[in-house]
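J.: Hey, can you work out the whole structure from these sequences and the hints?
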Amino acid sequence: MTQKPTLDVKDLRTYFFTKGGVAKAVDGITFSIAPGKVLGLVGESGSGKTVTGFSILGLVDQPGRVVGGEILYRGEDLNKVSAERMRELRGVNISMIFQDPMMTLNPVLRIDTQMIEAIRAHEKVSKEIARQRARDALGQVGIASPDERLRAYPHQFSGGMRQRVAIAIALLNKPDLIVADEPTTALDVTIQGQILYEVQKLCSQTGTALIWITHDLSVVAGLADQICVMYAGKIVESGEVNAVLDNPMHPYTHGLITSVPSKNKRGAPLSQIPGMAPSLLNLPKGCAFAPRCKWSNSNCQEQPDMRLAPENRRLLCHNPIEYNNDNFSQETS
Amino acid sequence: MTATDQDITENKKQDAQEFEGLQTPFKRFLSDFCESKLAVLGFLVIVGIALLAIFAPLLTPTDPYDLTSVTILDSRLAPGEKMMSGTVAYLGTDGAGRDMVSAMIYGLRISLGVGIGSGIIAMLIGISFGLLSAYAGGRVDALFMRIVDIQLSFPAILVALVLLVTLGKGVDKTLIALVVVQWAYYARTIRGTALVERRREYIESAVCLGLSKNRIMFRHLLPNCIAPMIVVGTMQVAHAISLEATLSFLGLGMPQTEPSLGRLISNGFEYILSGKYWISVFPGLALLVTIVSINLVGDRLRDVLNPRLQK
Amino acid sequence: MSVFIIRRLLQSGVVVIIMSFIVFSGVFLIGDPVEILVSDDADQEEREEMIKSMGLDKPFLVQYGIFVSKALKGNLGESFVFNEPALLLILDRMPATMELAVVSLMIAIIFGIPLGVWAGLKPESWASKSIMTGSILGFSLPTFWVGIMMILFFAVMLGWLPSTGRGDVQVILGMPISIFSWDGFSHVLMPAVNLALFKLSMVIRLARAGTREVLHQDYIKFAKAKGLQESRIILVHVMKNILIPVVTVLGLEFGGLVAFSVVTETVFAWPGMGKLLIDSIGLLDRPIIVAYLMIIVFLFVFINLVVDILYSILDPRVRLQDVKS
Ligand SMILES: Nc1ncnc2c1ncn2[C@@H]1O[C@H](COP(=O)(O)OP(=O)(O)OP(=O)(O)O)[C@@H](O)[C@H]1O
Ligand SMILES: [Mg+2]
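Chains as they are written, first to last, in our numbering: chain A, 2 to 334; chain B, 119 to 429; chain C, 334 to 658.
A hint or two may mislead.
[Claimed, not checked] Straight-line distance between alpha carbons at most 20 angstroms, and here's what the computed PhoX-like set of lysine-lysine pairs gives:
id, chain 1, residue 1, chain 2, residue 2
1, A, Lys202, A, Lys175
2, A, Lys11, A, Lys125
3, A, Lys20, B, Lys155
4, B, Lys287, A, Lys20
5, C, Lys462, B, Lys155
By construction, these hints were calculated from the structure, which means they are not laboratory data.
This structure is a prediction, so every number in the text was calculated from the model and none was measured.
T.: Below, the structure is given as structure tokens:
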């Protein structure tokens with residue numbers, strides 16, 4: 002990495018202090034992302050992807066709290082900045098696209114109100130200019146007759162259209178860093194392609210760094226430069242995207258890849274990761290994935306340390322697949 | 119227990135464990151409730167007041183209904199003065215010469231009795247109509263809910279006022295008026311809850327298994343309506359007590375011979391301008407403490423039993 | 334939109350008809366007005382003449398029919414006591430009651446919404462907890478007793494405010510209004526606060542509950558993610574969402590205020606129609622009772638209608654549903 006990273010997250014911890022105990026939704030994750038790059042953040046439901054995104058924007062609500070670590074945005078620790086500084090950064094420098102398109106827009110405010118305010122919160126521009134920009138942004142994400150659409154209320158839009166409006170809002174101020182939380186899951190394939198294209202263009206042209214949260218490994222494969230695989234609040238494997246997907250070293254990554262339908266022959270039963278994701282309030286001792294792991298042994302009763310692997314990869318496992326070639330070949334034969 | 123019942127309880131157990139650690143729901147409810155000191159205090163006060171009301175004849179220094187011992191010579195004594203009989207009237211006496219302490223305890227008895235009594239009757243009627251409405255659906259439901267809507271669109275005080283004007287004074291008539299005013303709230307609440315519960319999976323699975331309608335209604339629906347009923351019930355009792363007092367103040371409701379707290383306050387109103395505050399102030403405080411306590415408890419219950427607000 | 338209004342209008346008409354029947358038959362059962370109106374030494378003939386002149390000898394349904402046909406012409410009968418049209422008597426007292434109710438509503442809104450939103454924004458703070466406990470008190474305090482206590486403190490003990498009656502009034506736009514002179518204002522203050530107390534508590538709780546619910550919504554988080562000022566999030570995003578339920582309930586409760594002014598007017602001897610009602614109940618003056626109740630019914634039906642329409646303007650989702658149906 003030659004460029005200075007846009008975002009450098011070090012040992013970030015975000016815990017939820019619930020009645021039933023402390024849920025360590027994000028528990029010591031480290032990653033960084035350079036300008037113009039795309040980082041894919043994947044993992045099962047509940048693994049802490051969304052909470053990671055919220056932590057970066059300082060939007061973790063009660064009973065949750067960022068309890069440790071650093072979030073360095075261009076060298077500035079977002080955990081330490083004032084509330085007002087954070088507000089200035091949000092929406093202009095860092096923006097986020099939320100997971101649920103049905104809930105992200107305020108139901109009683111018109112689309113134009115919600116878009117114009119996002120511009121005017123940061124820049125002193127006239128309403129007309131702001132409206133112009135809002136309209137262009139809507140066109141950019143493929144919404145037909147944007148002028149008319151601006152005057153509509155969110156309930157007059159379909160889920161996919163709302164998501165596109167949310168994406169348009171996130172792009173409005175040309176941010177340096179976008180956290181996109183499963184932004185294209187609600188969209189059909191053609192629109193998805195269009196959005197991906199727009200986003201990629203933005204990244205390469207303006208040097209915007211993008212954190213792309215998703216379940217869809219094929220999107221990550223096509224879009225991302227780096228990948229981080231999350232499991233129970235920890236990043237269990239990260240590295241350059243092709244290296245990780247072609248040669249997964251963590252048993253969980255391996256499981257994720259083999260459970261993608263397209264990787265299997267048609268008609269052959271899908272392989273799946275046995276068991277369920279653990280409850281955060283009740284994590285197994287040691288490696289959280291051990292109970293579901295085919296290769297676990299007595300070592301896994303202890304928390305593995307982060308280790309570096311070739312090609313700048315990082316790994317959180319006692320028995321990475323590479324060193325278990327026997328088992329691995331048995332499994333695939 | 120049938121297989122479904124077991125499944126249901128098992129599911130519930132699992133849920134409970136997942137969301138609440140290993141506590142039982144009741145323990146969790148208790149600990150949640152006790153988190154608010156005010157609510158606990160309110161609960162203790164209610165228990166105290168209830169005991170006072172139940173054992174009134176044993177506790178009061180004089181019998182305010184015994185016309186032979188009440189004399190006009192004692193009227194409007196200030197707090198702490200001695201009455202003719204030698205008993206000290208710690209809170210003074212009213213216009214008729216009744217010891218305020220005794221009159222208030224008896225008044226409390228009537229107020230509580232009418233409030234709780236009307237609440238229970240209204241609840242029974244409301245539950246019947248509400249469940250019936252939710253269960254029958256269609257035209258019956260539409261008709262019942264129309265009636266409920268229309269009634270609830272008029273304020274309770276007005277409905278009660280018209281009824282009492284028509285019926286006249288008396289304990290029974292007050293009770294009727296209060297029941298009429300309240301039943302619709304219960305009916306609407308229980309219907310709402312029942313409809314929500316009906317849509318839940320476990321009811322659907324019970325229907326699929328061919329359990330009889332009545333069985334579903336009473337074994338499955340009713341228990342789930344208990345929480346909202348408790349909340350509405352506490353609030354309604356407080357409301358009924360306050361309403362009865364208001365009606366009595368307006369000269370409707372309870373007769374002069376059986377003065378409730380409201381009547382006592384009303385009696386004292388005419389002496390307020392001459393500064394004889396105690397006849398109105400003390401029964402009012404008693405009324406206030408009663409209603410506030412019930413509302414504090416009800417408020418807490420609502421927070422604790424409302425799953426939406428639970429973190 | 335107009336289909337929606339016409340349908341609501343028809344529904345309202347039905348409610349008015351049903352209520353008029355219930356009210357009339359209810360009041361029809363009250364005591365015997367002749368007992369009160371005819372002097373004790375009147376002979377049988379005089380009594381019968383009296384009964385006849387008041388139409389009390391006819392069967393119930395005929396009396397109801399006469400009542401309806403007259404009511405349609407705006408004649409709700411003549412007061413037995415004052416020998417004047419009941420409707421006029423009530424309309425005469427109406428402005429005083431309306432003024433009281435409107436001032437109360439203003440107090441409830443102006444103090445209630447900010448307090449409630451504040452309590453919803455900072456639910457754990459000391460101030461919010463006091464506000465909420467205070468609102469329980471407001472709910473619990475029986476209005477009439479608070480009124481008496483206010484008189485005791487501010488009129489009898491401190492002597493700051495007059496205890497009863499209505500002060501100077503100015504006629505503004507044909508309406509007698511008292512809040513624009515000190516004398517009038519000092520008279521209306523206590524009763525209005527007294528009447529407002531209950532609604533104030535209600536507004537506080539509604540606003541708080543609404544705020545808490547809205548604050549948890551994703552769209553508030555998204556608004557924060559856009560980098561909006563806290564003040565804009567609260568004043569626009571939160572406020573617009575909570576105003577809908579608050580306005581609805583308050584609108585519906587305006588009728589409640591008018592009805593509950595019966596109590597406040599009795600305590601403060603405020604010369605409104607509520608006091609007239611209570612006096613008439615004491616005198617068994619049926620036409621006035623009927624007229625009062627009919628006016629209240631009209632008021633309620635009207636308010637419901639207006640609130641429905643307002644609601645559909647405020648909440649775009651409702652509007653859409655009605656266009657569809
Ligand atoms: N408000 C909250 N209170 C308690 N726990 C929470 C809260 N929000 C999130 N969590 C916990 O944090 C964990 C991670 O949640 P998160 O939303 O980040 O998952 P995710 O990876 O985004 O899942 P998905 O793919 O389903 O969106 C969850 O296990 C959840 O239990
Ligand atoms: Mg998520």
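J.: State for each hint whether it applies.
T.: To see whether the hints hold, each was checked on the structure:
1. Restraint check for Lys202 of chain A and Lys175 of chain A: satisfied, since their Cα atoms lie roughly 12 angstroms apart, inside the 20 angstroms limit.
2. Distance hint between Lys11 of chain A and Lys125 of chain A is unfulfilled; the C-alpha atoms sit about 35 angstroms from each other, more than 20 angstroms.
3. Note on Lys20 of chain A and Lys155 of chain B: the hinted pairing holds, with a Cα-Cα distance of about 18 angstroms set against a maximum of 20 angstroms.
4. Taken as a hint, the Lys287 of chain B and Lys20 of chain A pair is broken in the structure, with Cα atoms around 53 angstroms apart against an allowance of 20 angstroms.
5. Restraint check for Lys462 of chain C and Lys155 of chain B: satisfied, since their Cα atoms lie roughly 12 angstroms apart, inside the 20 angstroms limit.
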